[in-house]
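*Asks:* Chain by chain, the residues:
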Amino acid sequence: MTSGVGVTPGVDLGGDSGMRHAVMNNKLYAIIGSLVSGAFIAILMQLNASLGKEIGVLESSFVAHFVGTLLSFIFVVKNINLNILKKTFDGPKYLLLGGVFGVMLVVISNIVIPKLGMLVTLSLVITADIIFSTIADQFGIFSLPKFKVNRGRIFGLVASLIGLALVFWR
Amino acid sequence: MFLFPATLAISAGGILVMQRLLNASLGTRIGGMKSSFVNHLVGTLFALALLTFGLGNGNFKIAGIPIHYFMGGCFGVFTVYLANLAVVRIGAMVTSICLTSSQLLTSAIIDHFGLFGGQAIENNSTRIIGMLLIFVGAIMASKKKKLSKVLNELL
Chain A
1 MTSGVGVTPG VDLGGDSGMR HAVMNNKLYA IIGSLVSGAF IAILMQLNAS LGKEIGVLES
61 SFVAHFVGTL LSFIFVVKNI NLNILKKTFD GPKYLLLGGV FGVMLVVISN IVIPKLGMLV
121 TLSLVITADI IFSTIADQFG IFSLPKFKVN RGRIFGLVAS LIGLALVFWR
Chain B
1 MFLFPATLAI SAGGILVMQR LLNASLGTRI GGMKSSFVNH LVGTLFALAL LTFGLGNGNF
61 KIAGIPIHYF MGGCFGVFTV YLANLAVVRI GAMVTSICLT SSQLLTSAII DHFGLFGGQA
121 IENNSTRIIG MLLIFVGAIM ASKKKKLSKV LNELL
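Respectively, the protein sequence lines represent chains A and B. Residues in the first sequence are numbered consecutively from 1, following the working numbering. Residues in the second sequence are numbered consecutively from 1, following the working numbering.
Since the hints were made in silico from the structure, they are not lab data. Note that beta-carbon positions come from the ideal geometry of N, C-alpha and C, so glycine has one too. Where hints are given, some of them may not hold.
[Stated by the list, open to error] The list that follows gives simulated cross-link-like pairs (lysine to aspartate or glutamate, EDC-like), each with its CA atoms no further than 16 Å apart: (1) B:K61 / A:E54; (2) A:K115 / B:E122; (3) A:K148 / A:D137; (4) A:K93 / A:E54.
[Claimed, not checked] FRET-style restraints, in silico, Cβ to Cβ: (5) A:V77 / B:L48: 17 to 23 Å; (6) A:V77 / B:I65: 25 to 31 Å; (7) B:F4 / A:P92: 31 to 37 Å; (8) A:W169 / B:G64: 37 to 43 Å; (9) B:F4 / A:I162: 36 to 42 Å.
Build out the structure end to end from the sequences listed, making use of the hints.
*Replies:* In structure tokens, the structure reads:
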């Protein structure tokens with residue numbers, strides 16, 4: 001639902017009775033891992049914004065993507081081949097727009113964070129995220145599965161909007 | 001005065017959703033990490049094109065700037081890596097609950113102490129309550145209906 005970065009649907013490993021302990025450990029690591037990555041998101045947004053104040057917002061976005069390209073290349077270098085590129089280009093071309101949106105995101109957060117601060121910025125983004133994911137799920141855009149609006153989503157949205165007003169309160 | 005940046009931040013929320021859906025769609029084709037690589041590469045080229053067209057401020061001096069300011073991109077890659085690991089073990093919902101909670105908490109801490117080059121904004125009770133409400137709202141708005149069921153599976 002909200003604020004994950006590049007979260008892809010995967011298979012559930014499930015809880016086999018004999019492997020109960022190992023699975024629990026796995027889950028604990030996964031929870032710690034995702035808590036850490038949430039903290040990373042906040043830290044990286046602030047770092048990019050600080051860099052943006054020094055060298056310019058678009059320049060900072062370029063640096064972030066360039067450094068990210070180099071590092072992710074290290075992760076994928078073992079199993080990158082022409083087939084991957086072929087599979088990428090075989091699909092709908094709009095799938096490549098993710099990177100374009102990424103640049104716009106960093107530029108926007110670089111402009112906004114120095115003005116509003118991290119918490120207010122993230123609160124706005126998360127609330128807008130809930131609204132737009134609800135819309136996107138309702139129609140199942142980009143050939144992803146549909147999820148219809150339910151009562152929980154409406155209540156959740158209202159709670160977040162009240163929370164947002166309070167965060168804004170000075 | 002708040003209106004312009006607030007509107008921008010809301011549009012960022014919309015863009016974030018589009019980007020995440022595109023990522024997920026590409027990720028199911030070629031895998032999460034490779035899709036992150038493709039994303040960063042396309043982003044680099046796009047930003048480079050914009051800079052070449054003179055949309056930057058022409059002040060690309062990197063001397064004297066703290067080195068950790070340049071590490072934002074690294075954190076982004078680790079985030080994708082960790083999230084991909086987490087999703088298959090605890091499911092997308094619990095992963096995003098963890099992400100949202102620690103994002104909010106970390107940003108409140110960064111604001112409070114003015115960390116990583118930010119301006120210090122002190123936390124007060126209103127901000128904390130608002131943060132908690134946003135967190136509760138984010139959980140309630142998630143796709144699965146029964147949180148208790150998810151927690152049961154987990155514990």
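*Asks:* All the hints need checking, so say for each whether the structure fits it.
*Replies:* Hint check results:
no.	hint	in the structure
1	B:K61 / A:E54	8 Å, holds
2	A:K115 / B:E122	15 Å, holds
3	A:K148 / A:D137	7 Å, holds
4	A:K93 / A:E54	35 Å, violated
5	A:V77 / B:L48: 17 to 23 Å	22 Å, holds
6	A:V77 / B:I65: 25 to 31 Å	29 Å, holds
7	B:F4 / A:P92: 31 to 37 Å	34 Å, holds
8	A:W169 / B:G64: 37 to 43 Å	38 Å, holds
9	B:F4 / A:I162: 36 to 42 Å	23 Å, violated
The earlier numbered hints that this structure contradicts are 4, 9.
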